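Take a look at the letters that make up each chain.
There are 2 protein chains.
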Amino acid sequence: MAQTPSPFRTAEQRSRDRQAKKLALMEAAVRMFNTRGFHATSLDDVAASLGVTKPTVYHYLGNKESVLLECLRFGLKQLLDAATAARAEKGIAADRLRSFLIVFAQVNMSDFGRCVIRTPDEALSEESREVLRGLKRQIHAEMRSLIAEGQADGSIACGDPNLLAFTLAGALNWPARWFDAHAFGEGGGHSPEETARRLVDNLAAGFLPRS
Amino acid sequence: MAQTPSPFRTAEQRSRDRQAKKLALMEAAVRMFNTRGFHATSLDDVAASLGVTKPTVYHYLGNKESVLLECLRFGLKQLLDAATAARAEKGIAADRLRSFLIVFAQVNMSDFGRCVIRTPDEALSEESREVLRGLKRQIHAEMRSLIAEGQADGSIACGDPNLLAFTLAGALNWPARWFDAHAFGEGGGHSPEETARRLVDNLAAGFLPRS
Chain F
1 MAQTPSPFRT
11 AEQRSRDRQA
21 KKLALMEAAV
31 RMFNTRGFHA
41 TSLDDVAASL
51 GVTKPTVYHY
61 LGNKESVLLE
71 CLRFGLKQLL
81 DAATAARAEK
91 GIAADRLRSF
101 LIVFAQVNMS
111 DFGRCVIRTP
121 DEALSEESRE
131 VLRGLKRQIH
141 AEMRSLIAEG
151 QADGSIACGD
161 PNLLAFTLAG
171 ALNWPARWFD
181 AHAFGEGGGH
191 SPEETARRLV
201 DNLAAGFLPR
211 S
Chain S
1 MAQTPSPFRT
11 AEQRSRDRQA
21 KKLALMEAAV
31 RMFNTRGFHA
41 TSLDDVAASL
51 GVTKPTVYHY
61 LGNKESVLLE
71 CLRFGLKQLL
81 DAATAARAEK
91 GIAADRLRSF
101 LIVFAQVNMS
111 DFGRCVIRTP
121 DEALSEESRE
131 VLRGLKRQIH
141 AEMRSLIAEG
151 QADGSIACGD
161 PNLLAFTLAG
171 ALNWPARWFD
181 AHAFGEGGGH
191 SPEETARRLV
201 DNLAAGFLPR
211 S
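For the protein sequence lines, the chains are F and S, in the order given.
At position 152 of the first sequence (counting the first as 1) the number is 152 in full-length UniProt numbering, and the numbers step up by one without a gap.
At position 96 of the second sequence (counting the first as 1) the number is 96 in full-length UniProt numbering, and the numbers step up by one without a gap.
Chain F with its partners taken away, still in its complex shape (with noise of 0.2 Å):
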């Protein structure tokens, strides 16, 4: 006889939808901290979208300001994964430095990401600043990294590693401000894929050897 299924949920299922109910949440702020910008954005607001009120958010997420924190994290900790990502590829430093920089720019022209480079620092507190801080030199120190194998391994070609690093987090950085999603961009209507390969094939123009 086939057992009963109990209507109780397991540890693991409570923990995987409390994630889920998390994810939702942060997905609705930021979006919102996105288009209103941080002062604008209420978490009322925040709740309402979801059908939920704001003890709701408070109860996962904090108060406003460890809203926005959670959500640059994350965006954070999606540019420091692609990083490993791609420091565990085979191959020569200058594919792997394309590798990383095409996902780098991708998760820039998502909600996450958008919401790393368009939010003022002045935003948060000088605790929380640290802490991003603390994110973004690592994220710095990974391209600079892979940029010093490329000039080791003969695949790239540059001066200064530390102000290449900046020269193509910079250009990367910046569909953050003019990529529009929903029009797919005014860089020539490609999709955030062909964009960020697109881009990332200008800068490799300039770090690849010349043969």
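Watch out, some of these pointers could steer you wrong.
Below are the SDA-like pairs computed for lysine to any residue, each with C-alpha atoms no more than 20 Å apart in a straight line [said to hold, decoys possible]: (1) K77/F x D111/F; (2) K136/F x R177/S; (3) K64/S x P120/F; (4) K136/S x D180/F; (5) K64/S x G37/F; (6) K90/F x S145/F; (7) K64/S x E122/F; (8) K64/F x H39/S; (9) K64/F x E122/S; (10) K64/F x K64/S; (11) K64/S x H39/F; (12) K64/F x R177/S; (13) K136/F x D180/S; (14) K64/F x D180/S.
Honestly, the hints are just simulated from the structure, not real lab data.
Keep in mind it's a predicted model, so treat the numbers as computed, not measured.
With chain F's structure known, arrange chain S on it following the hints.
Only chain S this time, still in chain F's reference frame:
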């Protein structure tokens, strides 16, 4: 016998005086916007930093949003002037583009340029945003047309001038976030001029044709 100088200022002196006061107020305001953010800046503090009171700021520049708008227009005007000056130069388009880009990057490391990059759109009314968007579109069009001229005279290699303009602008806007004028930047401790030149060298390596 020498004529006794008139104790009354001429119309020209009054106009110069007025411009100098307006600029001093804008400079005080833009520095506070950049360090504290728009929302946390009060016109009382801006006025106090020059030993005057808020009505003086209102008299010369209007309310806080007008002050911000004037600062942003001033920054964007410097970028447009850089394009106009570069366009008037002789020689191949790649050289004119480089001249433009080097000044473009330096403006973005200065107070007014930093404010342009760091101010989120949401700080402004829809009307002000439209004014700024118009100026930004002009600057983008200038860059794109210099690139297209370079394609025509063979001094620039690129697939899509529009996307290359976004690539270059992003890389050279970003110093508004990372360049620290006091420490002369993390980019190797160079001056704004030298940093701008090195950033543009990184980018030019990508758009100059391979021989």
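Pairwise hint evaluation, R177/S against K64/F, where the allowed Cα distance is 20 Å at most: violated, 24 Å
K64/S and G37/F: Cα distance at most 20 Å? holds, 18 Å
Does K64/F pair with D180/S here, judged by a C-alpha cut-off of 20 Å? violated, 29 Å
Holds or violated: K64/F to E122/S, with C-alpha atoms at most 20 Å apart: Roughly 17 Å separates the two Cα atoms, so the pair holds.
Taken at face value, is the distance from the CA of K64/S to the CA of K64/F at most 20 Å? violated, 25 Å
Compare the distance between the alpha carbons of K64/F and H39/S with 20 Å, and conclude whether the hinted pair is satisfied. holds, 16 Å
Under the criterion that the straight-line Cα-Cα distance not exceed 20 Å, is the pair K64/S, E122/F satisfied? Between K64/S and E122/F the Cα gap is close to 17 Å, so the pair holds against 20 Å.
Hint check: K64/S vs P120/F, CA-CA at most 20 Å. Holds or violated? With Cα atoms ~18 Å apart, K64/S and P120/F stay inside 20 Å; holds.
Decide if the proposed pair is consistent with the structure: K90/F and S145/F, CA atoms, cutoff 20 Å inclusive. holds, 16 Å
Can the restraint linking K77/F and D111/F be considered satisfied, given a maximum Cα separation of 20 Å? This hinted pair holds, its Cα atoms lying about 13 Å apart.
Going straight from one Cα to the other, do K64/S and H39/F come out at no more than 20 Å? Holds - the C-alpha atoms of H39/F and K64/S are around 16 Å apart, at most 20 Å.
Checking one constraint from the list: CA of K136/S to CA of D180/F, max 20 Å. Satisfied? holds, 16 Å
In this structure, the earlier hints numbered 10, 12, 14 are contradicted, and the remaining ones agree with it.
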